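If you read the protein sequences in the order shown, they are chains A and B. Residue numbers for the first sequence, in our numbering: 1 to 410. Residue numbers for the second sequence, in our numbering: 1 to 63.
Everything labelled a hint here was simulated from the structure, so no lab data went into it. Being a predicted model, the structure only gives us computed values, none of them experimental. We put the beta carbon where it would ideally sit given N, CA and C, even for glycine. Any given hint might turn out to be false.
[Said to hold, decoys possible] Restraint ranges, calculated between C-beta atoms of paired labels, are given here:
1. A:ASP154 / B:LYS11: 57 to 67 Å
2. A:ASP154 / B:ILE18: 19 to 29 Å
3. A:PRO364 / B:TRP14: 13 to 23 Å
4. A:VAL231 / B:TRP14: 32 to 42 Å
5. B:LYS6 / A:VAL398: 40 to 50 Å
6. A:ALA26 / B:PHE25: 20 to 30 Å
7. A:LYS302 / B:ILE18: 21 to 31 Å
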Amino acid sequence: MTDLVIINPPSGELPAETSRGFPWRAVLEGFAWVALVAAFIIGQIAASPDYKGMLEEALPHEVLVRSEVNTTLPVVYQVEGKQDLVVMAEGEGYGGPLVVGVRARRTENGGRLAEVLMLSHKESPAFMERLRRGHFFKQFGGKDVSDNFIVDDDIDAVSGATVSSRGFTAAVRGAVHLGAVNHLNLEPTWQQPGWVFGSEEMILVLLFIVAFFAGYRKGKFAKAAKLVVMVGTLVFVGFYANASLSLANIAGIFMGYIPSPQQHPMWWIMMIGVVGSIIFLGRNIYCQQICPFMVVQDLAQKISGVKMKIDSRFQKRARTLIFLLSWVALMLIFLSAHPALGSYEPFAMMFSLEGLGIQWYILPASLLGSFFVPRFWCRLFCPVGLYLNEMVRLRRRVRAWFGSGSTRKG
Amino acid sequence: MVKKDKPWHLKFTWTLSILMLLLVFGFFYQSFEEMRKIAPVQVAVERTSGSAMQEEPEATDQD
Chain A
1 MTDLVIINPP
11 SGELPAETSR
21 GFPWRAVLEG
31 FAWVALVAAF
41 IIGQIAASPD
51 YKGMLEEALP
61 HEVLVRSEVN
71 TTLPVVYQVE
81 GKQDLVVMAE
91 GEGYGGPLVV
101 GVRARRTENG
111 GRLAEVLMLS
121 HKESPAFMER
131 LRRGHFFKQF
141 GGKDVSDNFI
151 VDDDIDAVSG
161 ATVSSRGFTA
171 AVRGAVHLGA
181 VNHLNLEPTW
191 QQPGWVFGSE
201 EMILVLLFIV
211 AFFAGYRKGK
221 FAKAAKLVVM
231 VGTLVFVGFY
241 ANASLSLANI
251 AGIFMGYIPS
261 PQQHPMWWIM
271 MIGVVGSIIF
281 LGRNIYCQQI
291 CPFMVVQDLA
301 QKISGVKMKI
311 DSRFQKRART
321 LIFLLSWVAL
331 MLIFLSAHPA
341 LGSYEPFAMM
351 FSLEGLGIQW
361 YILPASLLGS
371 FFVPRFWCRL
381 FCPVGLYLNE
391 MVRLRRRVRA
401 WFGSGSTRKG
Chain B
1 MVKKDKPWHL
11 KFTWTLSILM
21 LLLVFGFFYQ
31 SFEEMRKIAP
41 VQVAVERTSG
51 SAMQEEPEAT
61 DQD
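Model the full structure from these sequences, guided by the hints.
Structure, rendered in structure tokens:
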């Protein structure tokens, strides 16, 4: 018995390469890899930011004079003929870096914020919509430059977009305080943000611990633990934090969009829990227990009681199909340097009920599918599940390679 | 005893799978269009004025 729950079909079901004739498959795979690398390079070159241009477009009526020669953020500008200062700084959002421009106005006692601009971001539309509807940005209007700018202190995060809230706040804080010290000659009286490890992070750690426990035990307690994880992940990881893993997260790692553990500990807990369970235990605990969309699909299945089978021809090609879909998605992500653009999963929309365009149809269609076919999305379309299961297989191969018994129970 | 699949089940799931596939490719097309709209400089997605305390609508990339 193996400890790997096969959600996507095993690699053995791939069409076997023919021994004769032109090696189409090898050529196609080679093309796919070359295209991905090319898309990545083109995307990185095209995404090289023109900070001055961004500000000039955002503040078309002002003449900006750079007061420090910085090629990287933060960059400070004086507004010609005015007592204003514009500082651009970067923060880490959920989808990648975000750049803000903060305009501070000198006052008798120091300065206050006159304007805050989000110049670029890589957040998914759902998160941005949450911030807008939650009136998150209004909190910054008119604040004093010596305020703390710390989430849960003088700034309220919007639930379901906590990481974006923290990233935006951190960027504003960095910009404002830099300008306050270097250009408004203020003494730092504000607090420094500490490590964010509160109840939310504790809940996620507990969920992983209980999931590990439930995966190894049998009996009443294990059953109860599974139920706790199921409800916990649906409510907390899904509806509260909206922190499902998606292709955007995986692509973001390749693009270097890795948040600091201080600012976004939940991202790290999730990654360490998921990757750690694969490396140390050989189990894809995310797909088996933590994924909230899996719980939604199981609930839909329980409600319907219908268990249809997928056409075997389709099922056999599922792994190839997901690779194809994720290749197209990665091409879009790398070319645009915007992870959210290729993330076709319905997770974010499911738990925020905010989406754009065709996403409104993908979610109900996948729910309809899972109503009749067990874990319809996981089996046919989920790139995260495929990649995590590939990691489990890779671990096995490595273990087998080093002769440490790949068939041992995890 | 082998349970035989009902033909209409297979037809239904096949149709549903193809529909999903079309929707996902539709999403890719939509993303591609979005990508073309994004100019190298993305400007003023959100603006908060200290004096007016009002959020201005999202600026287009074509400004």
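Status of each hint after checking the structure:
Taken as a hint, the range 57 to 67 Å holds for the pair ASP154 (chain A) and LYS11 (chain B), whose Cβ atoms sit roughly 59 Å apart. At roughly 52 Å, the beta carbons of ASP154 (chain A) and ILE18 (chain B) sit outside the given window of 19 to 29 Å. Under the hint 13 to 23 Å, the C-beta atoms of PRO364 (chain A) and TRP14 (chain B), about 19 Å apart, fit the expected range. At about 34 Å, the CB distance of VAL231 (chain A) to TRP14 (chain B) agrees with the hint of 32 to 42 Å.
Evaluation of the 40 to 50 Å hint for LYS6 (chain B) and VAL398 (chain A) yields a pass: the beta carbon distance comes to about 43 Å. Here the CB-CB span from ALA26 (chain A) to PHE25 (chain B) is close to 25 Å, well matched to the stated 20 to 30 Å. Distance hint check: the CB atoms of LYS302 (chain A) and ILE18 (chain B) are about 26 Å apart, consistent with the given range 21 to 31 Å.
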